[in-house]
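Trainee: Protein sequences, first through last, are from chains A and B. To convert, count from 1 in the first sequence and add 222; that's my numbering. To convert, count from 1 in the second sequence and add 222; that's my numbering.
Since the hints were made in silico from the structure, they are not lab data. The reader is advised that the hints may include incorrect statements.
To give a feel for the contact side, a few chain B residues facing chain A, derived at Cβ under 7 Å [as the list claims (entries may be wrong)]:
#, residue
1, S248
2, A321
3, V346
4, H353
5, Y359
6, D364
7, H387
8, N457
Here are a few chain A residues that sit away from chain B, every Cβ distance over 12 Å (derived from the structure) [unchecked claim]:
#, residue
9, I285
10, T307
11, E380
12, H390
13, Y455
14, D507
Within a straight-line C-alpha distance of at most 25 Å, the following computed SDA-like cross-link-like pairs (lysine to any residue) qualify [stated by the list, open to error]:
#, chain 1, residue 1, chain 2, residue 2
15, A, K356, B, Q502
16, B, K520, B, V492
17, B, K303, A, G391
18, B, K303, A, T389
19, B, K303, B, R424
Built from N, CA and C at the ideal position, the CB exists for glycine as well.
Number of protein chains: 2
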Amino acid sequence: MRILITGGAGFLGSHLCDRLLADGHSVIAMDNLITGSTRNIQHLMGREDFRFIKHNVYEYIYIDGPIDAVLNFASPASPSKTAPTGYLQLPIQTMKVGAIGTLNALGVARAKNARFLLASTSEVYGDPLEHPQKETYWGHVDPNGVRSVYDEAKRFAEALTMAYHRTHGVDTRIVRIFNTYGPRMELGDGRVVPNFVGQALRGEPLTVYGDGAQTRSFCYCSDLIDGIVKLLYSNEHDPVNIGNPNELSIKEFAETINRVTGNPGGIQYVADGRTQGDPQQRRPDISRAKTILGWEPKVGLEEGLRETIAYFRTVVPA
Amino acid sequence: MRILITGGAGFLGSHLCDRLLADGHSVIAMDNLITGSTRNIQHLMGREDFRFIKHNVYEYIYIDGPIDAVLNFASPASPSKTAPTGYLQLPIQTMKVGAIGTLNALGVARAKNARFLLASTSEVYGDPLEHPQKETYWGHVDPNGVRSVYDEAKRFAEALTMAYHRTHGVDTRIVRIFNTYGPRMELGDGRVVPNFVGQALRGEPLTVYGDGAQTRSFCYCSDLIDGIVKLLYSNEHDPVNIGNPNELSIKEFAETINRVTGNPGGIQYVADGRTQGDPQQRRPDISRAKTILGWEPKVGLEEGLRETIAYFRTVVPA
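Just chain A, same shape as in the assembly:
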């Protein structure tokens, strides 16, 4: 297949490039480089089967020749209150890429008769009242809160994707991505994994907001990419959760990182500086992915963290 990946220079987009090239496909990565980086795809530059186009997907997308699949991964994705690449610092761009970017990408899929895969998110569940979250759960999202620029943009993108499927028969898929970590996360993007690993590699105490009892379920990126590719190759139109149901508290997570890195810095608990609307708990129900795709995560936390830490050692100033 000849595959267009929007956000192809981002954390997940670039791993998708690698995987789909390895599967024998030809890949066009499109990215405006606001949150993505050519560093993530520089090893692919010059390949015959790879092309990079710097482009803002909320401007009209023109691609020469046939396209067999469009993977819509362009968006800021970090909920950090302070990181310049977080969606709270890019609120209107985040809403434009979620709505108009998705519309343009769906337009390419429709024009080229290509299949379309939307990168949605566990954030469509908001601060969930149901645990773990099944795909049938409608979510609990504040339509006006500061995080709504991301959550509502993704909910809109899902609705638009289904509208193109129902109205124009576009062959769509929707993946709801839960917290993922791995190499190529941005060190400064404010998410918990780069924050913790950066601090650990500098020998500093890890900053935990509140008491650290809030839980997360972290999926290693190769597992996640495998689930996404299985969904792409499947025939499933309804949303599918892809994530790791192994839930642990932020405190346990910090302790694991300190153990794996041998960081003596410990943990520093600080008054709750989390973003308003930051969910207290979130864990995917992956029954559908298991049944429909035969997928489940395989990489254990310590193994994934060792790979991630090895990457961050190459980018953290000593």
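We have chain A already, so just place chain B on it with the hints.
Mentor: Positioned in the frame of chain A, the structure of chain B alone reads:
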């Protein structure tokens, strides 16, 4: 003030034109006439203080000269499964006008330093689990259901409006409009009031889906417009419910229409043909409107229905 009203040839938009002209303002009505009609504003044509522009608001909006307020009312709004002007027949247009139309209208407000008022909807509450609905309720909306093209577009529009307020300081307001009825509703738009009144005036039985126990709260249009204008003149940025909390069942409503029209046709109950996701119950909590705007509805149901029926007598073929 010089005021731009998108959707100005629609049911509510045209009543807003009348009211704001009566208040001494100058009005530009913009409409693509997909669901609106020049019939609703023909009595204003030729006035010095009124201008109509036929334009699709999801294309770039250019307006010459100063604008002091933008009222964003463009959207299909009928949930009918069959009416050609219902949003289920116009799914992608509905999502485009909700997202890109609102973006363009916010752009005008920002460029002209004008205040902005978004017509949002009780549909942001979806099929609510809380009764009556307060503005703080986050709603219960299926992000993928067939009605999501409207519900999620309006939630997106609210989030975008708050993003423009927070990011660019645009002086915004958000009204959540509950079921409204009155003259200039489209006879064929599939909503319950034109359906019932049309049947009553033709002497037919009124078609009630299911057992008619599902409830609605109907607000007469002059009350609603009064609430919207009070909000426009206020300084309130958070969403405000405007609607009539007087809840009654569809069955009671049908009986009232038969009584006021003297229709001997009675009621015909048919198997549930309601749109998937049609809420069973919805009633506004209007405490905020009462407190902040000093507003509450004044027109009783029979009085409002008499006005509405008088209008429909002029458009229903005898």
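Trainee: Each hint: holds or not?
Mentor: Outcome of the hint check:
1. S248: violated, 30 Å
2. A321: holds, 4 Å
3. V346: This interface hint holds because 6 Å falls under the 7 Å limit.
4. H353: Violated. Min distance 17 Å.
5. Y359: Result: violated, 10 Å to nearest chain A Cβ.
6. D364: holds, 5 Å
7. H387: This interface hint is violated because 10 Å lies over the 7 Å limit.
8. N457: Violated: closest Cβ of chain A sits about 17 Å from B/N457, beyond 7 Å.
9. I285: Holds: least Cβ distance 21 Å, greater than 12 Å.
10. T307: Consistent with the label, A/T307 stays out of reach of chain B, its closest Cβ about 16 Å off (over 12 Å).
11. E380: violated, 5 Å
12. H390: Non-interface label fails for A/H390: nearest chain B Cβ at 8 Å, not farther than 12 Å.
13. Y455: Holds, because the least Cβ-Cβ distance between A/Y455 and chain B comes to about 21 Å, which exceeds 12 Å.
14. D507: holds, 16 Å
15. A/K356 x B/Q502: The given pair, whose Cα atoms are some 24 Å apart, holds under the 25 Å limit.
16. B/K520 x B/V492: violated, 34 Å
17. B/K303 x A/G391: holds, 19 Å
18. B/K303 x A/T389: holds, 14 Å
19. B/K303 x B/R424: The given pair, whose Cα atoms are some 22 Å apart, holds under the 25 Å limit.
Violated hints for the displayed structure, listed by number in ascending order: 1, 4, 5, 7, 8, 11, 12, 16.
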